[in-house]
Amino acid sequence: MLVVRGMWTLARKLLLHDRLRFTVAIAGVSVSVMLVLVQVGLYFGFMDTASSLIDASKADIWVGKRSNDSFEFATPFDERTYYKVASVPGVERAERVIINFAQIKLPDGGDLGAQIVGVDLVPGQAPMLAPWNVVEGDAQRLTQPGAIVIDKSEVAKLHIEHAGHVTEVSGVRAEVVAMTSGIRSFTTSPIVFADIRTARSFMPMLGAEPVTYVLVKCKPGEDVEAVRARINALPHLAAYTTEQMSMRTRDYWSSRTGVGAGFFTTAVLGIIVGFVVVGQILYSGTLQYIREYGTLKAMGARNSAVVKVILSQAMISAALGFVVGAPLAMGMRAAMKSANLTVALSTELYLATLVITAVMCAFAALLSIVKVLRLDPASVFKA
Amino acid sequence: MTAALALHESLPSIAAPRDSLARLVGIGKTYGTGENAVTALAEATLDSRAGEVTLIEGPSGSGKTTLISILGLLLTPTTGEVWIEGQNVAGLGEKQLPGLRARNFGFVFQGFNLFPALTALENVAMAIQMKNGRAKDAKGEARRLLELVGLGPRMHHLPADLSGGQKQRVAIARALGGNPPILVGDEPTAALDTKTALSVMELLRELASNRGRAVVVVTHDPRLERFADRVVRVEDGLIQSIGSPSPHAHAHA
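Line by line, the protein sequences are chains A and B.
Using the numbering used here, you'd call the opening residue of the first sequence number 1 and step up by one each time.
Using the numbering used here, you'd call the opening residue of the second sequence number 1001 and step up by one each time.
Any given hint might turn out to be false.
Stated by the list, open to error - If the Cβ cut is set under 8 Å, some of the chain B residues that face chain A in the computed set are:
hint, residue
1, Val1038
2, Gly1061
3, Thr1065
4, Ser1069
5, Leu1074
6, Pro1098
7, Gly1099
8, Ala1102
9, Phe1109
10, Phe1115
11, Ala1117
12, Leu1118
13, Ala1127
14, Arg1143
Said to hold, decoys possible - Facing chain A, a subset of chain B residues (Cβ under 10 Å, in silico):
hint, residue
15, Gly1072
16, Lys1095
17, Gly1106
18, Phe1107
19, Asn1113
20, Glu1122
21, Asn1132
22, Gly1133
23, Ala1175
24, Pro1180
25, Ser1209
26, Val1218
Source of the hints: derived by calculation from the structure; they are not laboratory data.
A virtual CB, placed ideally from N, CA and C, is assigned to each residue, including glycine.
Given only the sequences and the hints, what does the whole structure look like? Please build it.
As structure tokens, this is what we get:
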């Protein structure tokens, strides 16, 4: 125990002795920690956005066309399919959803592409998908013809300040009856909620009574997988549990678009930066004190004891780098929020980053460790 | 000479005078093989005795460093025997040697080799902890040793704030940590001015005379012979002579 305490003391003092080098090491680890947290946090934030509509639904199963790749760019089918799904044994209730793009009129006369989400609202029945986080207006009015709900975060894009604003979607009159908070699309187009009947009026090119997805609630006690298998047996349809649908959508955006690779490449670059800086700092420090380490080995200190000193320096660098880097990432999150970017920083991400930082610093110390392990204690006699 | 050891009682005697603490028998060391083989030392036999100061002299490249490296268990001989603690340790591997070194040897170097970030006290305490992980009061022992070498008032200073002689005293205190019976010095006075060099040798002399340490010092400086009991001359890898200090050197007593 005493030796361990002594190692920490020696490691701390050796690090702090050269303040400039110590500052560079901590700066390197901090930047690395911040990059990892922000990049991975941005990735998770984007992924949360990509699947937010699915995750917010109360459905057990999502049903769409088998040929669909993307959640947003799905091909609609006609309403007869909805009835086929609704009549599958084990289905308690089914709701129609239509998702497509339409042009919303801006106050200056211009147009902006918006993602229309038409939901199946039946008075007196809680829908499986409806606007949530309503912060202004009355979302119950969404059943009224021409009623829409938009998100507060899109105010700057749409120039719509408050509920009650009247505009046009695809040339059809639309009134904003409520506004939500934090509902954004991965495609960056504003999400516009409407009742399915209103939504269909915004997209006449899709033909009569189009449906993009059918949401299914299974009967109580029913095996969801069994119901899903029955629906999958229907021609041209694919059914997924809500969790599967969410993962599928995240995977699509992550792998098909290269978004995941982009974010993780930057995070890995951050780790490499930290690795190189800490490795270089530790190695130059080891070289500076090589005769002192040799003296300790000559006097009988075991390799393990000297290695602990170097590893302790690596762990101190990791811990302090994390302590500085994590608040930097929090600051970046706050700054990015104003740009409508979500950096999802969870406790799990912090813990994972701390472990990654410790492993990174331990690996960065390897060269120094090899140096002292190979150090011949007799070399201290060769002044 | 009496001022060198401030607190005699803080460092116990090790052995009866003239007891052999380490013995090299027929030691040879050859580097390389075949046509490239270079013999650094041959047929060297030497005792390290309690209470004695042994100087090893010789020109550069004569084999002095090889000799004390083998004596200090830092180098494995090619031939011969190294007797420590009643056993021939010449064939032991690097797993056993650190423990033997920690128990038996303290080293003092020309360049002091003190950690610049640690105070004198911390440098000595750290070495004690490294030698013996179970040392209960490393700081207390370090404090006593620094007082012993006359550095009590300066123990909280960093090496940068100490003179060369003071640094070497810290190094001697560090070498004494863990109470090893043999002190090995590699040109410990070479970086010091004459007055300081003599006071450091005076300290080593007292550690031998009064505390029963065997002190073995490599040096180029013939003026240090006045502190020695024996002078070993090494040339071309051979011990040419082991004898008394030259008649011109003053007796230490």
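For each hint, the structure was consulted:
| no. | hint | verdict |
| --- | --- | --- |
| 1 | Val1038 | violated (15 Å) |
| 2 | Gly1061 | violated (12 Å) |
| 3 | Thr1065 | holds (5 Å) |
| 4 | Ser1069 | holds (5 Å) |
| 5 | Leu1074 | holds (4 Å) |
| 6 | Pro1098 | holds (5 Å) |
| 7 | Gly1099 | holds (7 Å) |
| 8 | Ala1102 | holds (3 Å) |
| 9 | Phe1109 | holds (6 Å) |
| 10 | Phe1115 | holds (5 Å) |
| 11 | Ala1117 | holds (3 Å) |
| 12 | Leu1118 | holds (6 Å) |
| 13 | Ala1127 | holds (6 Å) |
| 14 | Arg1143 | violated (15 Å) |
| 15 | Gly1072 | holds (7 Å) |
| 16 | Lys1095 | holds (9 Å) |
| 17 | Gly1106 | holds (7 Å) |
| 18 | Phe1107 | holds (5 Å) |
| 19 | Asn1113 | holds (4 Å) |
| 20 | Glu1122 | holds (7 Å) |
| 21 | Asn1132 | holds (8 Å) |
| 22 | Gly1133 | holds (4 Å) |
| 23 | Ala1175 | holds (7 Å) |
| 24 | Pro1180 | holds (9 Å) |
| 25 | Ser1209 | violated (24 Å) |
| 26 | Val1218 | holds (8 Å) |
Hint compliance for this structure: hints 1, 2, 14, 25 are not met, and every other hint is.
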